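Line by line, the protein sequences are chains D and B. Heads up: the first sequence begins at 101 in our numbering, then just goes up one per residue. Heads up: the second sequence begins at 4 in our numbering, then just goes up one per residue.
Just so you know, the hints here were simulated from the structure itself, not pulled from any lab data. All values derive from a computational prediction rather than experimental measurement. The beta-carbon is built from N, C-alpha and C at its ideal position, and this holds for glycine as well. Careful: at least some of the hints might be erroneous.
The following residues of chain D were derived to be distant from chain B, with all beta-carbon distances above 12 Å [said to hold, decoys possible]:
no. : residue
1   : Asp113
2   : Pro116
3   : Asp120
4   : Ile121
5   : Arg132
6   : Asp144
7   : Arg179
8   : Ile181
9   : Pro182
10  : Ala222
No more than 25 Å apart at the CA atoms, straight line, and that leaves these computed lysine-lysine pairs for PhoX-like [claimed, not checked]:
no. : chain 1 : residue 1 : chain 2 : residue 2
11  : B       : Lys657    : B       : Lys623
12  : D       : Lys173    : D       : Lys196
13  : B       : Lys611    : B       : Lys589
14  : B       : Lys611    : D       : Lys196
15  : B       : Lys492    : D       : Lys196
16  : B       : Lys492    : B       : Lys560
17  : D       : Lys196    : B       : Lys560
18  : B       : Lys589    : B       : Lys623
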Amino acid sequence: MATGPATLVLLVDDYPDNRDIYVQFLTYAGLRVEEAENGHQALDKAFTLRPDVIVMDLSLPGLDGWEATRRLKQDPRTRDIPVIALTGHALAGHSKVAFDAGCDAFITKPCLPERLLEEIRAILTAARPRSGDPTS
Amino acid sequence: MLPARRTASRAAGRPSGAGGAARLELLESLLVASDPAQCAQRALGWLQRRAGVRRGVCLAAHPGDGPRLVPVASLGVLLDRIETYSVDLELRDHPLTRALLAAEPVVIPSNGHRAPATPLGRREVYAIPLAPVHPGDLPAGLMLVTPLTPAVTREARWLGRVLGPRLGSLVDTARLELSEGRLQRERRLLSAIINAVTDPILLTDGEGRIIIANARAEALLATDDDQSEGRRRAVALNNMLFSAALTRQSIEGVGAPRHEVPLVDPVDGSDLLFELMSTTTTGAREGTGIVSILRNVTDLQRATAELEDNYRKLRQTEAAARAERDRLDLVIDSVADPILVTDPGGNTVMMNAPAEHLFTAPESATAEAQRIVQANDAHFSSFVSNLFFEEGTLRRSGSIGLVDPTTGAGLPMEAISGKIVSEHGEVTALVTILHDRTEELERARLYEELKRATAELELKVRAATAELVHQNELLRRSHIALEQASALKSQFLANMSHEFRTPLNAILGYTSMLLKGVSGGLSAQQRRNLERIDSNSQHLLSIINDILDITRIEAGKMPLTVADFPIPDLIREVLAEVEPLITRTKLAVTTRVDETLPPLRSDRQKVKQIVINLLTNALKFTAQGWVTVTAVNDPTGDRVVIAVDDSGIGISPKDQGVIFEDFRQADDSPTRQYTGAGLGLAICRRLASMLGGELTVRSALGEGSTFTLVLPSRPQGAR
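Go ahead and model the full structure; you've got the sequences and the hints to work with.
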């Protein structure tokens with residue numbers, strides 16, 4: 101069930117309890133998790149850590165998730181890192197905006213930790229054929 | 004008697020008083036008397052001187068026309084007084100007639116009043132017949148003398164014998180002279196008469212020779228040698244033509260039509276036309292002659308032609324005039340407006356039919372109609388007479404209020420009168436045309452009413468428009484306010500939903516991790532409590548999701564994802580998801596799904612949501628018994644029917660509408676038995692409508708319910 105010891109997840113969420121749950125569970129599931137609580141932090145960590153996947157809450161203080169994702173996808177260093185949008189905004193149109201910004205998957209809250217894990221595994225499996233995966 | 008003769012002859016020579024000489028002297032004087040009166044007078048004078056006759060009258064027989072005895076001389080009586088005395092000798096009983104016809108002198112006695120008087124009155128007279136010229140003839144006359152003495156009788160007897168022949172001779176001569184003169188006079192007169200006749204008149208003998216011709220006839224038919232050649236030839240031609248006409252007429256006889264004879268005027272050679280009338284006369288001495296009268300009809304013929312021509316023209320003119328008058332009558336009668344012609348006396352001399360209707364009433368008309376007609380007439384007369392008196396005004400118009408005699412309705416009339424003025428400037432008549440203004444006035448009234456109504460309407464429209472504008476503005480504002488409120492609500496709900504989810508996400512996440520043993524093992528009690536937390540959190544989440552759905556649908560932001568999918572698969576999936584619930588009940592849940600159903604083209608997620616909702620409701624409200632899910636094709640084939648039946652508590656008819664409303668349950672009381680936000684069916688019905696279908700319920704309290712979802716196999720107008 102383990103994806104690989106080297107799989108690094110960058111978890112961006114401004115709500116500490118949510119980060120806590122996902123960190124506990126993903127770590128429990130054998131993944132490495134780095135946290136960011138706003139857009140700027142997310143960009144900094146993404147550029148420096150080069151995670152395998154980024155789980156991005158969209159409503160963030162300061163630089164929000166959409167803008168952050170747009171910048172990640174415009175930067176050659178992070179362009180190929182899959183971004184999973186995770187949001188409490190469930191109204192129609194939000195997912196489209198997220199995909200427009202460059203997100204690769206869209207999950208609405210509430211989202212059980214195991215559901216997130218499934219999504220991460222699925223997107224990494226889909227991205228695996230890509231060459232030059234630094235974590236593999 | 005001889006000595007008497009001698010004496011008489013001597014007396015003639017010697018004027019001595021001897022008897023013979025005196026008689027001779029008388030004889031001589033009688034011989035030289037020039038007329039009967041002188042002769043008789045001399046005789047009477049001699050008798051006076053010779054025999055002492057005091058009165059006497061000498062009467063001559065046949066002095067003029069007819070057998071009459073007329074006084075020619077008198078003595079002692081003024082002849083003037085007896086001038087008219089005359090005795091008709093036919094009266095044989097007259098004393099003078101008897102005395103005349105007696106052979107000897109007679110005495111006519113003084114016979115009072117019984118017999119006619121003599122010229123000497125009724126005294127006794129001696130009547131001596133005067134001897135005729137020729138012996139045997141009637142006496143030439145009668146001499147009456149008085150007094151009756153022997154000398155008188157003696158001398159008178161003698162005188163009767165000698166005076167008679169001389170007197171008779173003189174009377175004859177006088178009579179001859181008289182008739183001779185008269186004949187000549189008559190002839191001249193006759194000649195003048197026939198010459199005065201302008202028509203040629205002539206008498207011809209049996210051979211056509213002219214016996215008598217008047218001047219006009221001579222001018223045409225007779226000629227002298229000294230006349231011109233042309234004229235003689237004209238006359239010859241005329242004679243020929245005349246003779247031929249005469250002959251023709253004599254052949255045709257009496258009663259034949261008058262013949263026209265064309266002749267030539269010898270003077271100027273012009274053609275003349277005569278009408279010939281001839282009559283045959285037969286005289287004892289003159290024999291048979293023909294009297295012809297030629298009447299000049301040259302002018303007559305021309306005149307006749309002209310007369311006929313004139314007559315014809317007159318007839319034409321008259322016909323034209325009549326036609327004109329008929330046409331005029333027709334025109335006047337066809338005019339709907341009353342027309343009247345009034346003479347200066349105020350009498351109506353002409354009116355057309357419409358005027359008759361107003362101003363005349365038949366005998367049979369009602370008293371009211373008669374009165375109206377009289378009133379009309381009075382109004383009209385007063386109008387017309389005013390104009391007659393206004394000098395210099397030729398035209399006048401005004402209003403007269405008349406009344407229709409038939410209906411009694413008032414007729415406001417406009418009257419226009421015009422004077423007809425003769426060439427001498429006299430007003431001969433007045434023509435008046437009346438025009439009924441009822442309709443005009445009614446139109447004017449209606450027009451005014453219309454104008455008023457229009458103005459009123461305009462005011463109302465203006466007011467209404469203003470009100471409408473005002474209301475619109477209010478509506479617009481309230482609409483804006485509503486939209487803002489709606490947007491705010493949506494925004495609020497969206498935000499709330501987000502804000503709810505974040506902590507709920509944490510609760511669910513932690514619960515899930517604990518249950519999964521991420522944080523270590525759990526006691527049975529802990530696990531049970533954690534499961535309660537989880538269940539409640541799930542419920543809370545479902546409420547939040549429902550609210551979000553309603554908000555999305557209301558805001559038109561519910562996305563539809565249409566695709567083909569098999570219905571049996573969907574039903575199986577629903578049952579699988581609800582399986583945990585089913586197992587908790589003791590209900591017999593069965594499905595009746597037509598496996599041959601064609602794929603349904605719709606939003607799979609929405610259909611599934613509806614069916615899950617219906618099924619969970621059925622499970623929730625059914626304590627015992629069964630629940631059946633059915634999926635079949637609608638008989639029409641283009642709709643799919645998915646029904647969920649249960650044997651649950653059922654819904655009363657009055658609650659069957661309520662259950663589809665937002666946040667409502669059949670039992671809304673605070674102490675209600677069943678949990679839930681009451682949004683499920685409201686969302687389901689909205690979703691069904693969005694998918695072009697419908698959701699209905701059939702139920703009775705205590706007898707279970709059937710919820711039926713009908714969807715089109717292929718979407719048509721999905722919202």
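Give me the numbers of the hints this structure contradicts, sorted from smallest to largest. As far as the earlier hints go, 1, 2, 3 and 4 are violated by this structure, in ascending order.
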